[in-house]
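Peer 1: Line by line, the protein sequences are chains A and B.
Under the working numbering, the residues of the first sequence are numbered 177 to 397, in order.
Under the working numbering, the residues of the second sequence are numbered 187 to 392, in order.
Mixed in with the good hints, there may be bad ones.
[Stated by the list, open to error] Ranges of calculated distance between the beta carbons of each label pair, as one might list FRET restraints: (1) L317(B) - V343(A): 26 to 32 Å; (2) N303(B) - G205(A): 32 to 38 Å; (3) Q352(B) - V377(A): 36 to 42 Å; (4) V377(A) - D254(B): 29 to 35 Å; (5) L264(A) - L253(B): 50 to 56 Å; (6) I208(A) - A274(B): 20 to 26 Å; (7) G207(A) - L327(B): 43 to 49 Å; (8) S346(A) - P342(B): 31 to 37 Å; (9) G314(B) - T284(A): 55 to 61 Å; (10) I393(A) - I197(B): 26 to 32 Å.
[Unchecked claim] Taking lysine to aspartate or glutamate and the DMTMM-like style, the derived pairs with C-alpha atoms no more than 25 Å apart in a straight line are: (11) K348(B) - E322(A); (12) K347(A) - D316(B); (13) K311(B) - D357(A); (14) K347(A) - E322(A); (15) K252(B) - E215(A); (16) K212(B) - E215(A); (17) K179(A) - D357(A); (18) K248(A) - D213(B).
[Said to hold, decoys possible] In silico contact screen, one side only, chain A against chain B (beta carbon under 7 Å); selected entries: (19) I185; (20) V225; (21) A227; (22) P250; (23) W252; (24) V340.
In case anyone wonders, no lab produced these hints; they're calculated from the structure.
Model, not experiment: these values are computed from the prediction.
Note that CB positions come from ideal geometry on N, CA and C, so glycine has one too.
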Amino acid sequence: MRKEAPLLITFVVALIVMLSQVTTGNVPGLGISMPVLFERYISPWMTVVSAFSLCLASVNLIVIHSRNVSRKQPEWIYSLILLGSLVLYGAWCTYVQINPDNAAAAATYSLLYNNILSPLMTGQWACLAFYVASASYRAFRARNLEATVLLVSAILVMLGATPVGGVIWSKFPVIQRWLIDVPNMTGQRALLIGAAIGSFVACLRTMLGIERSHLGIGGGS
Amino acid sequence: MQISTNIWQWISVACVFGMWSLPLYKDNPFYRVCQNVFVGSCAGHAIGIAVGNIVNYGFQPLGQGKLDLLIPIILGLMLYTRFFPGIAWLSRWPVAFLVGVGVGQTIYTSLRSQIINQSIAAMTKFPGQDLASSLNGLISLIGLLAILTYFLFTVPQSRFVKGMSQLGRWMMMVTFGVGFGNVVSGRLSVLLGELLKIFGDWLGMI
Numbered sequence: 177m178r179k180e181a182p183l184l185i186t187f188v189v190a191l192i193v194m195l196s197q198v199t200t201g202n203v204p205g206l207g208i209s210m211p212v213l214f215e216r217y218i219s220p221w222m223t224v225v226s227a228f229s230l231c232l233a234s235v236n237l238i239v240i241h242s243r244n245v246s247r248k249q250p251e252w253i254y255s256l257i258l259l260g261s262l263v264l265y266g267a268w269c270t271y272v273q274i275n276p277d278n279a280a281a282a283a284t285y286s287l288l289y290n291n292i293l294s295p296l297m298t299g300q301w302a303c304l305a306f307y308v309a310s311a312s313y314r315a316f317r318a319r320n321l322e323a324t325v326l327l328v329s330a331i332l333v334m335l336g337a338t339p340v341g342g343v344i345w346s347k348f349p350v351i352q353r354w355l356i357d358v359p360n361m362t363g364q365r366a367l368l369i370g371a372a373i374g375s376f377v378a379c380l381r382t383m384l385g386i387e388r389s390h391l392g393i394g395g396g397s
Numbered sequence: 187m188q189i190s191t192n193i194w195q196w197i198s199v200a201c202v203f204g205m206w207s208l209p210l211y212k213d214n215p216f217y218r219v220c221q222n223v224f225v226g227s228c229a230g231h232a233i234g235i236a237v238g239n240i241v242n243y244g245f246q247p248l249g250q251g252k253l254d255l256l257i258p259i260i261l262g263l264m265l266y267t268r269f270f271p272g273i274a275w276l277s278r279w280p281v282a283f284l285v286g287v288g289v290g291q292t293i294y295t296s297l298r299s300q301i302i303n304q305s306i307a308a309m310t311k312f313p314g315q316d317l318a319s320s321l322n323g324l325i326s327l328i329g330l331l332a333i334l335t336y337f338l339f340t341v342p343q344s345r346f347v348k349g350m351s352q353l354g355r356w357m358m359m360v361t362f363g364v365g366f367g368n369v370v371s372g373r374l375s376v377l378l379g380e381l382l383k384i385f386g387d388w389l390g391m392i
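The task is simple: from the sequences and hints, build the whole structure.
Peer 2: Here it is as structure tokens:
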């Protein structure tokens, strides 16, 4: 029961989801087709269960940082700041979600989102621009032919993407477009196919119960 | 120069400077505060959305008579049994459900849209309508086969296979180079956008 039931749930749900995309006829005995079964039951259930799982992740975060604060562990003040912002945003966002008609609350939350969370997010993203400089130095050392190919294609793409590239030579944007559309697309496609074959095999193993590590009951490799 | 008097503008710029203080200076309390506010507010936002989904797509329709929604609500609550060692095994059921949905969708989409459709897209471009598009189609087809050959480990490495896999490596290097160039351009444009906000909206210099 403890091991078999989860494996059975995975198999049956995966089978329904899979068949809902390839079959149209009614399931014998149920009087309902697989796509309808998926749309009416599995999809809304998935939304609710995944929402519960998202809250679970936050519960773990709250437990860890509450422990830091209550035990006054080193740098506990940062845990307190984290918990404070979590409670503020969590409570406000929940209120806005549950009361969509309250425009004033939604507007205040937008103010919090656009002026604190959003700048923090873009600031973090822009931080990577500073690190890119050092990464470029390491990547752009033409030690062999392959590294040179990487270096040349990256430089051509950057020159084509910036206005100054077009000023230096009008063909840079054309070369950049070709590099993105032909060799890059080919590489992306091949890597996508390789990754898809891998994920297909991994999913098949999971569906058939050969891979069980996600349930914490062993049996996987 | 006309500095903004909007308090939210100042808070927004302070958040950006807080994040930038790590690469521009070093680890410091200002950065740590911003970092923890960032993590906390992201988690809080996610909780808000999740609770909203539970109420709007779970409890409200349940109250309107959609009794089948009791199943996902019970499954969702079962996730929390992992905090009680005696019944922790019950949390496997909702995990099995979530994994089942993901697996079912991935099996189909990886086969249909990623393996079959991508292979078709690579093959149907050759021959093209003119010489240039035919050449591009040929490069796409041979390049795809070359990269896939690089990942073939179950065939003897004959001269042909070695040559193809070498070609595949070069094609991948071009792909990685293009990817790197795009990342650099993208990050720099985000940085420029932030600088535009600082010098334009906040300091009023632009």
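Peer 1: Now look at each hint and say whether the structure bears it out.
Peer 2: Now the hints, each set against the structure:
no.: 1; hint: L317(B) - V343(A): 26 to 32 Å; verdict: 30 Å, holds
no.: 2; hint: N303(B) - G205(A): 32 to 38 Å; verdict: 34 Å, holds
no.: 3; hint: Q352(B) - V377(A): 36 to 42 Å; verdict: 27 Å, violated
no.: 4; hint: V377(A) - D254(B): 29 to 35 Å; verdict: 33 Å, holds
no.: 5; hint: L264(A) - L253(B): 50 to 56 Å; verdict: 36 Å, violated
no.: 6; hint: I208(A) - A274(B): 20 to 26 Å; verdict: 35 Å, violated
no.: 7; hint: G207(A) - L327(B): 43 to 49 Å; verdict: 48 Å, holds
no.: 8; hint: S346(A) - P342(B): 31 to 37 Å; verdict: 48 Å, violated
no.: 9; hint: G314(B) - T284(A): 55 to 61 Å; verdict: 56 Å, holds
no.: 10; hint: I393(A) - I197(B): 26 to 32 Å; verdict: 49 Å, violated
no.: 11; hint: K348(B) - E322(A); verdict: 15 Å, holds
no.: 12; hint: K347(A) - D316(B); verdict: 21 Å, holds
no.: 13; hint: K311(B) - D357(A); verdict: 12 Å, holds
no.: 14; hint: K347(A) - E322(A); verdict: 24 Å, holds
no.: 15; hint: K252(B) - E215(A); verdict: 14 Å, holds
no.: 16; hint: K212(B) - E215(A); verdict: 51 Å, violated
no.: 17; hint: K179(A) - D357(A); verdict: 49 Å, violated
no.: 18; hint: K248(A) - D213(B); verdict: 22 Å, holds
no.: 19; hint: I185; verdict: 4 Å, holds
no.: 20; hint: V225; verdict: 5 Å, holds
no.: 21; hint: A227; verdict: 4 Å, holds
no.: 22; hint: P250; verdict: 12 Å, violated
no.: 23; hint: W252; verdict: 11 Å, violated
no.: 24; hint: V340; verdict: 12 Å, violated
When the structure is compared with the earlier hints, violations turn up for hints 3, 5, 6, 8, 10, 16, 17, 22, 23, 24 and for no others.
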